[in-house]
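What follows is each chain in one-letter form.
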Amino acid sequence: MRPGMDKMEKCNRKIEMVELVYDEADGVYLAELRSHLSSCAECSNEFSSLFATRTNIVEFRKDVFESLETPVIAFPPADISENISKSIWGWLDGLRYAFAVKLSFAGILLAVLAGLYGLIYLERPDEVQVASNTAAPLSIDSAQVEKDPFPPLSDPLTVSKDAVNIAEREPEIPRRNRGVGTAKSKKAAAAVKSADRRNENQLTDDFADDSLRLADLLEQIGG
Amino acid sequence: MLRNKTDEELVELAVSHDTDAFGEIVRRWERKIFALCFGMLSREDDARDASQETFIAAYRNIGSFRGDAKVSSWLHRIAVNQCLTIMRRRKARPEDLIDEEQMASDRVFSVPIEKAPGGLAERNERIEAVRRAVNSLPFELKEVVIMKEFEEMTFQEISETLSIPLSTVKSRVYTALRQLRSKLEKSELEII
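In order, the protein sequences belong to chains Y and U.
All the letters of the first sequence, read from the start, carry residue numbers 22 to 244 under the working numbering.
All the letters of the second sequence, read from the start, carry residue numbers 29 to 220 under the working numbering.
If we strip away everything but chain U, and leave its shape as in the complex, we get:
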């Protein structure tokens, strides 16, 4: 029954303390929010924490949700704020950055061999290079790339979520892809 309702209807129910309605919102958006958090943070445990905190914050502030924005946009903004909080915390604790690099390397090098027919080491190096390149993008470019590739949103959805013109979204994605290409070319030269 709840599955037939729109996000906005579910929010209205959740505001009147219908926890099942909020549960349906979580079910609908948890994967995308997790993808966003993982794309932004590149660490599984941090992404899980950020996702959890996102929905806790959403539930606590659901009374202040205004109907003029989409639920997805609202959740996205909360998730980005949670990610920024965790990133700030990381900067305050440099030892976490070392752990992050190590864990990322461990995760990349744990890709199964059958998934890497072209050679495990080469593939893993490329994946690691992509990860570094994405992480080094300016925030506004990284955000659109993550939304496009990890959340699998359309340009129109990104435009509505970020409240920016459609052409700006496309322009940012284009700029992001060009910067990524430049960074990847540099890393390939370093590898060679």
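Chain Y with its partners taken away, still in its complex shape:
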């Protein structure tokens, strides 16, 4: 037998004993248990001891707890969600009121600036156009020139204008790329020269054609 094991555990009636202490014993076993307690002194002592211990706890509860009021559970869940939404909207309203004048002033200022910029743009479209042209990437024009440095004579101005643009942009080329830029500009300059030469030749040929026709006419008259 284990030390500390007493008659109660030997009887193995502890469960019935607890039921009796808390007045939850089944009617069938209740009479049997009562008769056992009347005949077994150790079980009777055990029951008295358990009952006294329970009585102490009941007194403790009555004295300490039962006088306390039940806490008022504020209906927090709904209140919390409402309060959160209210506080958020309150903040937004506060911000709106605080910055209403400033925001409206900023809006008006922005509108005025946009209007002024529009006026400037309408009055000086050429400069704006030139500015946009200079901002165009260099590689596109030079590539075009490299690809077709001698465009058809039907549109000679395009070539010469692009070439002039390239020539004008030469100072903007970074120092480390100056060699490449110079080569490109030389090609462009050559293209300009050749185009001008062709134009001159063309003009010369036209005059020559006219003179021939005049000579033929004089011959016909003379003849």
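Among the hints, erroneous ones may be present.
[Stated by the list, open to error] Partial selection, computed: residues in chain U whose CB lies under 10 Å from chain Y:
| id | residue |
| --- | --- |
| 1 | 70 |
| 2 | 155 |
| 3 | 173 |
Source of the hints: derived by calculation from the structure; they are not laboratory data.
Bear in mind that the values here come from a model prediction, so they are computed numbers and not experimental data.
The C-beta atom is built at its ideal place from N, Cα and C for all residues, glycine as well.
Position chain U against the provided structure of chain Y, taking the given hints into account.
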């Protein structure tokens, strides 16, 4: 109208954002939850906080409530978890333990004289001894004693709430009572 509904029906209504239904659940269980929290924590303010947090947590998680458990069991588990959280917090702050002892003593010694015909000091010492004895019980024994004495649940209800066999509940209560008796006998010897 809501008073005629079962807990499970109220939960169904509360899930569909019927705050009155949840209010009825609170009304039904607030005293028992408060008793459980007070029994576990032995401090009124902590018990109030734990009760409040229990119902807040219940409302927030009501959508996850499964119908296979009772509402009372569900609330009980939430409340025990809240109490454990507060107990852990107390352990992390030892100064709270000193306050707790002082407040418990103040509360015990503030019992009215008319309630203590056998002598105020002796009675208060016994109550304090019971409080200490209950608090020193292992958690699983303390839990069943609190459920039995403070929540006034039957063995069957405790068994269902904790999902343990009925015989285990009775055995735990028996063991708890024996340990309490042993502790109280020791404290009586100390007093003498």
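Residue 70/U as an interface hint toward chain Y, with CB separation required under 10 Å | holds, 8 Å
Taking the closest Cβ pair, is residue 155/U under 10 Å from chain Y?
-> holds, 5 Å
Tell me if residue 173/U is really an interface residue toward chain Y, meaning its C-beta lies closer than 10 Å to one of theirs.
-> holds, 7 Å
Going down the numbered hints, you'll see the structure goes against none, and every one checks out.
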